[in-house]
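Visitor: Build out the structure end to end from the sequences listed, making use of the hints.
Same order as they appear, the protein sequences are chains S, U, X and A. Taking my numbering, the leading residue of the first sequence gets 1, the next gets one more, and so forth. Taking my numbering, the leading residue of the second sequence gets 1, the next gets one more, and so forth. Taking my numbering, the leading residue of the third sequence gets 1, the next gets one more, and so forth. Taking my numbering, the leading residue of the fourth sequence gets 1, the next gets one more, and so forth.
In short, the hints are calculated from the structure, not lab data. Note that the coordinates shown come from a computational prediction; the quantities given were computed from them, not determined experimentally.
Counterexamples of contact, computed for chain X against chain S with all Cβ distances above 10 Å: (1) Gln44; (2) Ser81; (3) Ala145; (4) Pro147; (5) Asp173; (6) Glu254.
Which stretches of chain A does chain X cover? Using the computed rule of at least three CB atoms under 8 Å from a CB of chain X, they are: (7) 118–125; (8) 142–151; (9) 178–188; (10) 210–220; (11) 238–245; (12) 294–304.
We put the CB at the ideal spot given by N, CA and C, even for glycine.
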Amino acid sequence: MNRDGTYTAQELMVAAAARQIRDGELVFVGMRLPLLAFALAKRTHAPAAIGLFECGLIRDEPAPELLYTMSDPPNIAGALWSTRMINVMALLQQGAVQLGILGGAELDRFGNLNTSYIGSREHPTVKLPGSGGAADIASLAGRLLIVMQHERRRFKERVDYVTSPGYGEGGDWRQRVGLPGGGPAAIVTTLGTFSFDGNTKEAVLASYHPGVTTDEVRQQTGWAIRVSPDVHETPPPTEEELAIIRHNDPHGFWTGQ
Amino acid sequence: MNRDGTYTAQELMVAAAARQIRDGELVFVGMRLPLLAFALAKRTHAPAAIGLFECGLIRDEPAPELLYTMSDPPNIAGALWSTRMINVMALLQQGAVQLGILGGAELDRFGNLNTSYIGSREHPTVKLPGSGGAADIASLAGRLLIVMQHERRRFKERVDYVTSPGYGEGGDWRQRVGLPGGGPAAIVTTLGTFSFDGNTKEAVLASYHPGVTTDEVRQQTGWAIRVSPDVHETPPPTEEELAIIRHNDPHGFWTGQ
Amino acid sequence: MVMGKVVTMAQAIERFVPSGCSVLMGAALESLIPFAAGHEIIRQRRRDLTLIGPISDILFDQLIGAGCVSRVIAAWIGNVSVGLAHNYRRAVEAHSPDRLVVEDHSNFTIALGLLAGGLGAPFIPTRSLLGTDLLVGNLSLRRSADPDTGAPLVFVRAINPDIAILHVQRSDDEGNAHCWGNLGVSEEGGLASRGVVLVAEELVSRDVILSDPNRVLLPSSKVVAVVNEPWGAHPSPTQGCYGRDHEFYRAYHEASRTQEGFQRWLKAWVLDVQTRTAYLTRLGEERLKQLKPSRRLMAAPVDYGY
Amino acid sequence: MVMGKVVTMAQAIERFVPSGCSVLMGAALESLIPFAAGHEIIRQRRRDLTLIGPISDILFDQLIGAGCVSRVIAAWIGNVSVGLAHNYRRAVEAHSPDRLVVEDHSNFTIALGLLAGGLGAPFIPTRSLLGTDLLVGNLSLRRSADPDTGAPLVFVRAINPDIAILHVQRSDDEGNAHCWGNLGVSEEGGLASRGVVLVAEELVSRDVILSDPNRVLLPSSKVVAVVNEPWGAHPSPTQGCYGRDHEFYRAYHEASRTQEGFQRWLKAWVLDVQTRTAYLTRLGEERLKQLKPSRRLMAAPVDYGY
Numbered sequence: 001m002n003r004d005g006t007y008t009a010q011e012l013m014v015a016a017a018a019r020q021i022r023d024g025e026l027v028f029v030g031m032r033l034p035l036l037a038f039a040l041a042k043r044t045h046a047p048a049a050i051g052l053f054e055c056g057l058i059r060d061e062p063a064p065e066l067l068y069t070m071s072d073p074p075n076i077a078g079a080l081w082s083t084r085m086i087n088v089m090a091l092l093q094q095g096a097v098q099l100g101i102l103g104g105a106e107l108d109r110f111g112n113l114n115t116s117y118i119g120s121r122e123h124p125t126v127k128l129p130g131s132g133g134a135a136d137i138a139s140l141a142g143r144l145l146i147v148m149q150h151e152r153r154r155f156k157e158r159v160d161y162v163t164s165p166g167y168g169e170g171g172d173w174r175q176r177v178g179l180p181g182g183g184p185a186a187i188v189t190t191l192g193t194f195s196f197d198g199n200t201k202e203a204v205l206a207s208y209h210p211g212v213t214t215d216e217v218r219q220q221t222g223w224a225i226r227v228s229p230d231v232h233e234t235p236p237p238t239e240e241e242l243a244i245i246r247h248n249d250p251h252g253f254w255t256g257q
Numbered sequence: 001m002n003r004d005g006t007y008t009a010q011e012l013m014v015a016a017a018a019r020q021i022r023d024g025e026l027v028f029v030g031m032r033l034p035l036l037a038f039a040l041a042k043r044t045h046a047p048a049a050i051g052l053f054e055c056g057l058i059r060d061e062p063a064p065e066l067l068y069t070m071s072d073p074p075n076i077a078g079a080l081w082s083t084r085m086i087n088v089m090a091l092l093q094q095g096a097v098q099l100g101i102l103g104g105a106e107l108d109r110f111g112n113l114n115t116s117y118i119g120s121r122e123h124p125t126v127k128l129p130g131s132g133g134a135a136d137i138a139s140l141a142g143r144l145l146i147v148m149q150h151e152r153r154r155f156k157e158r159v160d161y162v163t164s165p166g167y168g169e170g171g172d173w174r175q176r177v178g179l180p181g182g183g184p185a186a187i188v189t190t191l192g193t194f195s196f197d198g199n200t201k202e203a204v205l206a207s208y209h210p211g212v213t214t215d216e217v218r219q220q221t222g223w224a225i226r227v228s229p230d231v232h233e234t235p236p237p238t239e240e241e242l243a244i245i246r247h248n249d250p251h252g253f254w255t256g257q
Numbered sequence: 001m002v003m004g005k006v007v008t009m010a011q012a013i014e015r016f017v018p019s020g021c022s023v024l025m026g027a028a029l030e031s032l033i034p035f036a037a038g039h040e041i042i043r044q045r046r047r048d049l050t051l052i053g054p055i056s057d058i059l060f061d062q063l064i065g066a067g068c069v070s071r072v073i074a075a076w077i078g079n080v081s082v083g084l085a086h087n088y089r090r091a092v093e094a095h096s097p098d099r100l101v102v103e104d105h106s107n108f109t110i111a112l113g114l115l116a117g118g119l120g121a122p123f124i125p126t127r128s129l130l131g132t133d134l135l136v137g138n139l140s141l142r143r144s145a146d147p148d149t150g151a152p153l154v155f156v157r158a159i160n161p162d163i164a165i166l167h168v169q170r171s172d173d174e175g176n177a178h179c180w181g182n183l184g185v186s187e188e189g190g191l192a193s194r195g196v197v198l199v200a201e202e203l204v205s206r207d208v209i210l211s212d213p214n215r216v217l218l219p220s221s222k223v224v225a226v227v228n229e230p231w232g233a234h235p236s237p238t239q240g241c242y243g244r245d246h247e248f249y250r251a252y253h254e255a256s257r258t259q260e261g262f263q264r265w266l267k268a269w270v271l272d273v274q275t276r277t278a279y280l281t282r283l284g285e286e287r288l289k290q291l292k293p294s295r296r297l298m299a300a301p302v303d304y305g306y
Numbered sequence: 001m002v003m004g005k006v007v008t009m010a011q012a013i014e015r016f017v018p019s020g021c022s023v024l025m026g027a028a029l030e031s032l033i034p035f036a037a038g039h040e041i042i043r044q045r046r047r048d049l050t051l052i053g054p055i056s057d058i059l060f061d062q063l064i065g066a067g068c069v070s071r072v073i074a075a076w077i078g079n080v081s082v083g084l085a086h087n088y089r090r091a092v093e094a095h096s097p098d099r100l101v102v103e104d105h106s107n108f109t110i111a112l113g114l115l116a117g118g119l120g121a122p123f124i125p126t127r128s129l130l131g132t133d134l135l136v137g138n139l140s141l142r143r144s145a146d147p148d149t150g151a152p153l154v155f156v157r158a159i160n161p162d163i164a165i166l167h168v169q170r171s172d173d174e175g176n177a178h179c180w181g182n183l184g185v186s187e188e189g190g191l192a193s194r195g196v197v198l199v200a201e202e203l204v205s206r207d208v209i210l211s212d213p214n215r216v217l218l219p220s221s222k223v224v225a226v227v228n229e230p231w232g233a234h235p236s237p238t239q240g241c242y243g244r245d246h247e248f249y250r251a252y253h254e255a256s257r258t259q260e261g262f263q264r265w266l267k268a269w270v271l272d273v274q275t276r277t278a279y280l281t282r283l284g285e286e287r288l289k290q291l292k293p294s295r296r297l298m299a300a301p302v303d304y305g306y
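Guide: What follows is the structure, given as structure tokens:
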């Protein structure tokens, strides 16, 4: 995936994801790339961002060690609050959390995510782990940022099962069903980034990563994608961003090949 | 009130109330006489009784000092649990609390208590403090023990306002309105003790205190009371009981004249 | 982190407790009552406040008597160790000094209302209070039924105060705080409120608080102001700092029997003492010394190491 | 107090985890997972269990693979740092070794279900999951509406497990216990359950626990058994005691790819090690040493004195 030897696709994704985090925001942070994106944003343009973890944690400083799970002891020590899961979920349902970051196994054109069943629920070909807190974050966060592997089998016209709601069938679906959260704002993939049409709520290609063509993105996407009129190349990670990412993931456990 | 110089009516009430507490029970304890009754029961026949306080406390040993309020520091230190109020109320609604003890300003023949408004709610002649946790204890505890001053103006045919529900209008009223708790089991007053009729749920005079006649009780009660066929004199506090009560209330702050 | 949350009590009340707002105080029942804040609210002549709390041990009575309050949402208002609350009675019985709207709750329903408010849930159902007169004319306690079983229920509507004023033992300058001892509805109340003013016995470094993240009361993102006010909860107790001044409650009860008596008390203990320091001077060294702990009772050590 | 709650793990499982019951485990998510208890459940050949938990980091997968489980009520079942749960997949996709009923939740809805169960409330409403497929065929998540506003809601029905198995750092012999670090739904889960089995790293005196009543996890009246089992949560972490054994999870992932591979793993790590002591011997001193904390991080002192 590393197209020019200077950085990996994962490093580019982390940098692109970090730019979606605004200073001072409460961010519902996941593991892996989202956590590295949060750590990068903290060290660059969003020093006042605060991270929430569904196990019941709030931190304003990323843990000093690489985490394998959010409950790892280095993530607890030095937290602003280590409380009951229900309390951080409560902040989410209050509308106090501006941004949530999620990955997924399947995604569709309206940003719906499936992490539950490939195939039918009754007779699945693959049973995926399930929601965890993802469906809550997608339901309740002010904005949703989706970070995932871009493959045709994953980017489908319609997901088999809606675990984490995007814009459902598009348009005003979220208001109709009563979801309070704002829904997906952006998708960062291994090939490019997407924003969402303000009216139809359909994913629109906003940028392609260096060395990737829009045709390549089309080929890896299971629906006829719309391309933004001002589609452009994704700005590559800066030297500073790469240094911070590699400091936080020294052996490339999450961002290596 | 002290009729023979050897003990006060309050001391007798504490002793009579303590006998209602069974060993091993979870007891929702109030302040003043109920707390002294709990302390007495712990030292005599109910060493395994556990006390709950609505501020968010559970204790299996009475505080080492006289309490003016349940939140006094001596009541917190050495508690089994000092938690959020909601958690002790949760145990109550779960049905885990076998006995609650309450006082009141007004009581009626079905054991309903008023601690809110004397006169009408719109134009009360006296605004009383209100429920606190009393209405919850009366709604949810397995059994309710009522301890109060016996005066005609307080013992009314019908209370002006039902703060803490007894048996409402009697019979199966509690089931009809959906209250899970068992309702009043006994009343201990300055003149005698009452039990409740199993069917009509009306208060029935079970015993009169030494030196008190049933006529006296009638005169001080605002409705035509029923008297139990085996009505008897309330057993006076034993020397041991008095010694414990006076140890816990050395200056008679709650049990003196 | 938003910096500079540390302000004086006068600044905190001026900025965050405007006339007409709803204020949660006394969340820890008879302990940690923010009397210093309440007295500053009186000095700044706030009006038309809605006071919210499970019970109030004389603080609400003082604010009502001073004419700051138009509505109370509470389960109990009085003088716990002594008796009734005279100003509260005058307001409800004689509309003096002002008419007062009372929304009667039980401790459980007010706790459930705050829990729902904090959870961002519209209501929480309970079986408590069924058949009682508390359900009469309290729109936040709705008679309903379980859609699955048909069983009668009370739906307790969410309560979201504009501001919560909470007294704690120690806080850093961002509002990361430790509170221990009696908790009551401090956590639910803080989470349910749109903002929180913390009144801390002690200002400490961030490291002290973050050394024990399980002890933290609520997220500092909720905290809009931190006031360092030692003895700020007197005459109520603060575990590990000072005990309850029972005599102060008894004296207040006597003094407030009449409107005039209350006005004299108010002048002596609130209006004529512009700062907490002046209040403490009036109390006197000797009295403060008597309220200080006679023994230390240290919590067993806890190691967060890895 | 009920005395004599201290029993061996074998006794605790024999008495309090019968076949057919519902068991809450993994309440603190990836930490404090009661693996020692789970392995004893497997050795005692329990069947037809309902497993309840927000997420499960391989423990549920082990019980499913061993044929102990007929139903899971959970938000996520897998291997957090490595990937999917192979036994869980085989059970759902191929009904091997047994057919498995899955009640899909989100972390928030399972927490709300346990909160409701603990509160003695029939349900708690939420706006989460509206429009999702989790509402399809999960009877504990009921589509409904706010009777006051008509707004769509999900009523999360109360969850009351028969037994909760919770790992804690220290407990006394009556089940008064301190738990710190990551909490998850430990408190809600314990309160919602009909009984609680505590697995403690350390047995301590009553005085140690009562010195810090705010740190106590839940009322000891809920506790039916206390098991003293050091390292009982391995390979999951226990704050202040040992870290997470990441390699163990990776190795399990590889070993459990096939039914046969899992059976070999099960024999090696569960069936052939009748006690936790034998399990630890198999792990080896060196490995345990590497998981022990390299630094102490003590919580700031707290004084409950008066």
